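Engineer: One letter stands for each residue in the lines below.
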Amino acid sequence: MSHDTEPAAKRAAEALNQSRLDRYLSVSVTIVERYWLPVWTVLVFAFLFAPIVILILFSFEQGTFSSLPWDGFTTRWYSEMLNDGRLIESTFNSLQVAANVTVVATILGTLGAIALVRGQFRRKGLFRAIIIAPMTIPGLILGIALLIWFNVIGMNTSLLTVMLGQLVFVTPFVVITVSARLRGFDPELEEAARDLGASRWQTYRRVTLPLLMPGIVSGALFAFTLSFDDFLIAFFTSGPNNTLPIYIWSKIQHGTDPVVNAISAMVLLFSITLIVISQLLRR
Amino acid sequence: MVETTGKINSKIRTITNRIPISDKFLVSGGPILLLEILFFLGPILIMFYIAVIQMENLQLVHEFSLQNYIEVFRGTANREAVKNTVFLSILTTLTAGVIAYPFAYYIARRGGRFKNQLLVLVMVPFWTNYIVRVYGWQIILGTEGMLNSLLTWSGIVNEPIGWLLNTNFSIWLGLTYLWLPFMVLPLYASLEKIDETLIEAAYDLGATRWAVFKRVILPLSIPGLVGGTIFVFIFSMGAYIVPAMIGGGQLFVGTRIAHEFGIGGDWAQGAALGSVLMLVVAGTLWSLMGYTNMEDMF
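One line per chain: the protein sequences are F and Y, in this order.
Numbering-wise, the working numbering puts 147 at position 147 of the first sequence, and it's gapless, one number per residue.
Numbering-wise, the working numbering puts 89 at position 89 of the second sequence, and it's gapless, one number per residue.
Since the hints were made in silico from the structure, they are not lab data.
The model shown is predicted, which means the values in this text are computed figures rather than measured ones.
Where a beta carbon is used, it is the ideal one built from N, C-alpha and C, also for glycine.
Be a bit skeptical, because a hint or two may be false.
[Claimed, not checked] Computed spacing ranges between beta-carbons, pair by pair: (1) V152/F with V86/Y: 27 to 33 angstroms; (2) G72/F with L58/Y: 49 to 55 angstroms; (3) S154/Y with G72/F: 17 to 23 angstroms; (4) L220/Y with P240/F: 35 to 41 angstroms; (5) S287/Y with F270/F: 35 to 41 angstroms.
With the sequences and hints as input, model every part of the structure.
Structural biologist: Now the structure itself:
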């Protein structure tokens, strides 16, 4: 009897252990199952934002090498940045190019969206392909192709050629943004206005355009950012003129530079502001 | 009499209806069409033309030959660059897909109230200057960079890790980083559209989590996955900034092209490389475009 109880107790203890282990395992499996997705999401966000956060932090770092440990807080790089004449000039160039590209791309893009959504014509597929293709080809190819083209047709490269080149890929983005909006609203609204005696132009100005406005504005902001950030087209077609990304590029060629950190932080802040504005307008 | 005028009227109407359509198209679609013909189709065609002539002493000579194309695949540097670029682009596309899928799924289907805010957070890097962001990686990964100084300072490694920057590793990391949002956004769009009742129905019929994923969610998200693949693969193949800034001297098609148009001084050879790249882009688009809707992605 007594030598029978011993293995039984052992077995019971084992079984208890086993069930405990099972429970731990199942609990940890549930924890993993429940939390791996949010943890993954946080990690990917950390990956996406790492260089942005690091740049902003190091733009306030005293040491000239952007490395740890932290040497101390300074705003010196920002004041050095403001005294850089070539930086101011290239920023001005970039703003000028972006403003022009935005106006032209927004007008052409809105018209193009109307043709794409409302137009009924043969070869619409081809029209759509010609609009989408410039967004999908790498900027490098477009850059060198434009360089050859301007050379062949005998046009000197300048800020004008940069604008023409950027329009090629910026305008389609406006088309897509506006046409999404255009598809979302009921054509019957326009028909109702026509039935109530409005002329075609009145309908367009009082009904179509106001309804399209949010799409047009976010398309315009998109166009501005794309143009302001563009490096590849400008790199090949700007001739002797610098835009801001080209200036940053030429500075980085000589290794890390704390002034570049400050410039970068400002550029990032500027873009982020634009996005926030465009998102607020989209609502 | 009444009948005939009615007939004539309706005839006139069909004619006038037909004309405004083409008129309207010329006004609305015409300008952008003209722009793309003059500064997109024209330049691309001229690039293909330049690729089959020669450049001698910085002058284009109109002698036709396929020598430049042969050089793309026979020249040692070019061939290695093509191989390396294709390898890294495929690797980047796979990595981006694996990283982006659970991420996009979580935002699209578990994001709840914060869905839109989270999506804006994804757009922030997408909209900010890429040169600046790649420069950020240069600061992080360099031998005296943030990561290495952190690792040596905390005693995890004794001396800085050298392969973090200016290697195929850093190109792979940089490309994955740069094009990740292009994988996330189309995936998000297609995952968000999936009807919750389909998933519930599958569970009610006794499907396991894995079966629901494999048989319901994954097939319905194929358009997004294909859209993301198109973008990431094409942009990786044509990348220049990443290999030039954090790729050290690693051979890459993009840097070869820029070299030929810069100090290399052989535009014809650069155009041939560009043409091959363009054909890869067109082939990728042509074979995959049918599985996705590009306009849905923005």
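Engineer: State for each hint whether it applies.
Structural biologist: Taking the hints in turn, this is what the structure says about them:
Distance hint check for V152/F and V86/Y: the Cβ-Cβ separation is about 31 angstroms, which falls inside the suggested range of 27 to 33 angstroms. Here the CB-CB span from G72/F to L58/Y is close to 51 angstroms, well matched to the stated 49 to 55 angstroms. A hinted range of 17 to 23 angstroms for the beta carbons of S154/Y and G72/F is consistent with their spacing of about 20 angstroms. For L220/Y and P240/F, the Cβ-Cβ distance of about 53 angstroms falls outside the hinted range of 35 to 41 angstroms, so the restraint is violated.
For the hinted restraint 35 to 41 angstroms between S287/Y and F270/F, the CB-CB distance of approximately 39 angstroms keeps it satisfied.
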